[in-house]
Every structure is written in C-alpha cells, then in structure tokens.
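Trainee: Respectively, the protein sequence lines represent chains A and B. Residue 5 in this note's numbering is what sits at position 5 of the first sequence, and the numbering runs on without skipping anything. Residue 318 in this note's numbering is what sits at position 137 of the second sequence, and the numbering runs on without skipping anything.
Just so you know, the hints here were simulated from the structure itself, not pulled from any lab data. These numbers come from a predicted model, not from an experiment. Among the hints, erroneous ones may be present.
[What the hints assert, rightly or not] Calculated cross-link-like contacts (lysine to any residue; reagent style SDA-like; alpha-carbon spacing at most 20 angstroms): (1) Lys171(A) with Gly195(B); (2) Lys194(B) with Glu67(A); (3) Lys169(A) with Lys194(B).
[As the list claims (entries may be wrong)] Computed from the model, here is a short list of chain B residues facing chain A with C-beta under 10 angstroms: (4) Lys194; (5) Asn411; (6) Trp427; (7) Leu552.
Idealized CB from N, CA, C, for every residue including glycine.
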Amino acid sequence: MDDKKIVCQLKKKKEKALSVLVDRYSAYVSTVVRNIAGNRLTESDIEEISADVFIIIWRNADKLRSESLRSYLAAVARNLSIDRLRKLHITIPIDEIEIYDNTDIEFNAEQHDLADVFNAIIDKMEQRDREILLRHYFYYQKIPQIALEMNMSQSACKTALHRARNKLKKKLKERGYGNEN
Amino acid sequence: MKINLYDIFSDYKGDLPDISEENCNNENINRIVMQRIKKKTVIRKKSRIAIISIAAALTALSGITAVAYSEGFIHFKNILQRTENNPSISRDLPLVNDNNISSMEQNISENHIVFTGDDNLKISTAGMYCDNNTLMIAAEIISDTEIPENSLIIPYFSKIENGLETPLLNKSGFGMTSQIYKGDTPNTYYTSFYITEKDMAGCTIKIQLENIISDSTYDEIQSAIIEEQNKWREDFDFENHTVQEWKAYWKANDFDSRTYDFISDYLENCNKILSGSWTAEIKIPENIVDTITAEKDGFKVTADTLSLTLDGTASISEGKFAVPVITMKDDTVVLTAGTNELEYFIDNGICTDTNYEYFASVFSNVYSYKLPHPVENIADITVYIFGYGENGIEAESHNIYKSEDTK
Chain A
1 MDDKKIVCQL KKKKEKALSV LVDRYSAYVS TVVRNIAGNR LTESDIEEIS ADVFIIIWRN
61 ADKLRSESLR SYLAAVARNL SIDRLRKLHI TIPIDEIEIY DNTDIEFNAE QHDLADVFNA
121 IIDKMEQRDR EILLRHYFYY QKIPQIALEM NMSQSACKTA LHRARNKLKK KLKERGYGNE
181 N
Chain B
182 MKINLYDIFS DYKGDLPDIS EENCNNENIN RIVMQRIKKK TVIRKKSRIA IISIAAALTA
242 LSGITAVAYS EGFIHFKNIL QRTENNPSIS RDLPLVNDNN ISSMEQNISE NHIVFTGDDN
302 LKISTAGMYC DNNTLMIAAE IISDTEIPEN SLIIPYFSKI ENGLETPLLN KSGFGMTSQI
362 YKGDTPNTYY TSFYITEKDM AGCTIKIQLE NIISDSTYDE IQSAIIEEQN KWREDFDFEN
422 HTVQEWKAYW KANDFDSRTY DFISDYLENC NKILSGSWTA EIKIPENIVD TITAEKDGFK
482 VTADTLSLTL DGTASISEGK FAVPVITMKD DTVVLTAGTN ELEYFIDNGI CTDTNYEYFA
542 SVFSNVYSYK LPHPVENIAD ITVYIFGYGE NGIEAESHNI YKSEDTK
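So here's chain A without its partners, still in its complex pose (with noise of 0.2 angstroms):
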C-alpha cells in the first residue's frame, strides 16, 4: 500500500490503512521522538509519544495529504516530543534572535508574514545550509549526528552549522526581523 492508499484508507477510517501507517513509519517518528527526547525519557514514553502521534493521525485523517504524509508525521511527533518535555520541566534548548521592536505579535498578519518569510528565505537556501538547520533546529539533532549522517567531521559540521545560523538571521534581518544581540 504507497502513502497515497493509506492516506485514502485512512480517511475511510480502515484500521488497517493505520496499521500499515505504523509499521511503515514507527522507526522514523520514534527516532524524531528519541532525538528531541535524547536520554530524558525512557523507552516506553517514546512509545507512548510515538502512539500519540498516530492516533493524531488517525484522528485528523481528513486533513492529509499524501504528499505531506511524512512531513506531518515529522511535526506531530516533535510538537508532542516538546509539549511532554516541557511539562516535565525538562529544559530543551532555545536559540533566540530578537523581532526589531518589543511590541507582542497580535498580527495575524504579522504571524502569518514571518512564517512565509520564513519559508521563502528556508527554500532559497543552498541545500547543504538547509539540510544542516533542518537537522538542528527540526529534528534537534546534535552535531555529532549530523556530522555522521552529512559525512563531514564535526568541526566542519560546526562551522557549517554557524554560517547557515548566520545567514538565515542575515535574511530575516534583511525583511526587517532579528537584529543581532
């Protein structure tokens, strides 16, 4: 069954279109899980997380897209990962650059600007700065792991790390957000 059957089934709540979600992608959402979560949680929370997220599936099935279906995965599970780290208390870590004036985002339409902006900046990146961020700031992997995975050292990872940080805030800066502290 490809993902755009298991999305239809999904809609038609068939359990087995879920069961066929799962085995496909149980490793890749507790892995999202397991990163954000690193030793923190044990095992059996990871699978309580992972579970979650396919019942979020399951539940909002009529607002997938098969397209989309690994992606929304990838945010269920780490939207859940942090939610369940923060009501433990547990410190995840924060990277902040300051909006230019101190004035609370009551805009939808300001909300709404810098997630497009966001995008736009993000999709016009060279691939290996955006490949380096998403792994850090989305999937919270450690340079370590990204060196491993990108097949670089890690004091090449980190340099690289550092140089796309710097021109995403360049960006932002350039539409008018994230003055450097």
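Got chain A sorted already, so can you dock chain B onto it with the hints?
Mentor: Only chain B this time, still in chain A's reference frame:
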C-alpha cells in the same frame, strides 16, 4: 520580543531530509495504537465518572446541598481537561486536570444563560470559569438537525463597560472557531469558548455566535483570506520592503477592517451546515476571588489562577523591555525569557535550568500560564527591565509583591 529559532522551524512547510532511523519496538507501538482507537468510547465514559466523583466531593466539602451537576457542566469540566489529548484545541489553553482543577473551583460556576436569536437552535451556557483576565465558557446546543462531527461555530466577543461596547479582537483574526462535540443526550451538543482580556471583572462580555460550518469550509475561508492578503502584499511589493513598512501600510489601509469585511462577505455566501445568529451577555462578577493585586515603582500586577497582567510598561525607555517573573512557594519560576535573559536568571540564582516554566502565551499584557497556579502559592512577583549596552545585557529589578510568609 524574541523568537526562538527552534520555534520558527515549527512553521517549516517544505521537504525534510532523510534521517537514519533507529530500531524501535514496532509491535508495541502498533498494539498501543490499536488498543487506544478501540478503547475511545470507554475512556470517555471513565473520565465522566471521575468528574462526577470530584464534583460530588467538592460539593460536600463546600457544605452546599449536594445537587448532581448537569451534563452540560460536567461537559464543561471535561472540555477543560481534554486539552492534553485534543490537538485541535489551542496549545495556549492551560492544562487543567483532576489534580489542579480544585484550585479553580472558586471561580467556576454552573449557569444557564440563554442565547437569543434564530430558533433553529437552542443555545445556553452550561458553566464557566472567570477571573479578571480569563473567561472560559461551555455552551449547550439543542438541534433537531444533525450536526456532523468536526463542525465549527463562529464566536465574536465584545466587552461592555460603562455602557460602551468594544469588540475584542481574537489572537488570530478569523480563526477563533469553536468545535462542536456531540453530547450523550439525543440532539444535544456542546462547545466552549476561551478568551483572555485584561480587567474583565465587573464588565459584561457579549458573545455573538454566527453560523455552523464544516472544518473544510473553515479551511476554504482561511485559504481565501491568505489569497486576498497575498494580493495586498503584491500591490505593496512586499518582497522589497521591510516588515515595519508593511505594518505601517497595513494600518494606513485599515486592513484589519477589510479582513473582517472580507470574512463576513465570504461567510454570508459560503456553504453552511446551519445558518443563524445567537447572542448572550455574560456578566463577570465584580469581586473575583483568589486574586493578588500589587503596585510599586509605577508597575501594577494582577495575578489570578490562570494568568498575570502587568501594567506600567509604557514608561520603559526605548530599547528596553519588561519581563515579569513569578516565583512559587514550591520554587517553580514562571517567566518568559530569551537565551540571554534566561542565562541572566540562571547566573543570578533567580531560577535553575530545571525549575522554570514559560508562560503559555502573552497577549495584550495578559501572561497566561500553562497550568493553574493558585495565588496562595505565589511567593514573589518581580519585574525585570532588560536592555543591551556596550557591556552586554543590563538588568534592573523591581520587586512588586512578596507573600507575607516569605518576608
């Protein structure tokens, strides 16, 4: 205002790189998932029984003659407590559960305010929580027409104070729809509303409900708004201007009103499950229990079980910003902080790297908590003013409140 780069990447919409996948207990995960989807109905009933028990126990403690709570009020409490598992409810909602709901009890009431309007639906409130800055209401809907799962009703709020009615803008423009849940009684449904707004005590909140739509119609409206706003951005040549210029252009063209009008026109003509308009006015009590109010050095704070407000920040010099920090008696520290401010707090012993908790959201000076914090648990409220000079971060502190037993 700071943005966490990790949070920005939550908005990423493109393709993700492949990652090396680690082994997992596939069978276990599959078993958990299958058990849960089959157990769904059973679990809901168990929660309901738990709520009745708590309600009965609390009634006994308060000395009020024991009266069974209505299904609507029980549903209200269920709604409050289902945020943990319901991804469609905003993550801004506080995480209320059996252990901490008792801290909100004093400001929870069962009520039955009837909405007036079209007679194809009968809508009335079933229960609410209100304090100075937060209002959460459950409403019961009786409908002879079947309302499908995942249907949404659209609420508009305004505040009536001293005879003047002011619309309350929600956090995301159009987007504040409320999901409708089927009740156990035939033809009965429930929905709930959650707003934060400063200084609601003694005011009246007017709720106007318009139409019931499907969630796919909602998606359609969202897409239409984005398309319309994209046209405005193209006319403005958004790519070649800064965000500040865009904000000024937005205000000069009153795009808030134009967005509202666009949505209203679209809603008038789109497919609806049920058409209608229903209104009710909710009087917020003058005297909210469980509140701390304190003023010092030109700052004023008001703390309730679910949030804190901070006034007086308009006097802060340009380039500086205020961060309220609440220290609880159990040493939990509730704050909002960027990397540098958090480092400052940790280096100066205000919190450790394990005992702090971020506010769930900040809107119009209302700092909402992630979970209830009874005011009697507050040890200290201090406002920090941060700025950045030649030598890096600069901070001054103003202790606004200290509880009697920590002085």
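Trainee: Does each hint fit the structure? Answer for all of them.
Mentor: Going through the hints against the structure:
1. Lys171(A) with Gly195(B): holds, 18 angstroms
2. Lys194(B) with Glu67(A): Holds - the C-alpha atoms of Glu67(A) and Lys194(B) are around 12 angstroms apart, at most 20 angstroms.
3. Lys169(A) with Lys194(B): holds, 19 angstroms
4. Lys194: Holds. Min distance 5 angstroms.
5. Asn411: Holds, because the Cβ-Cβ distance from Asn411(B) to chain A comes to roughly 9 angstroms (cut-off 10 angstroms).
6. Trp427: Interface hint status for Trp427(B): holds (7 angstroms vs cutoff 10 angstroms).
7. Leu552: holds, 8 angstroms
Checked against the numbered hints given earlier, the structure satisfies every one of them.
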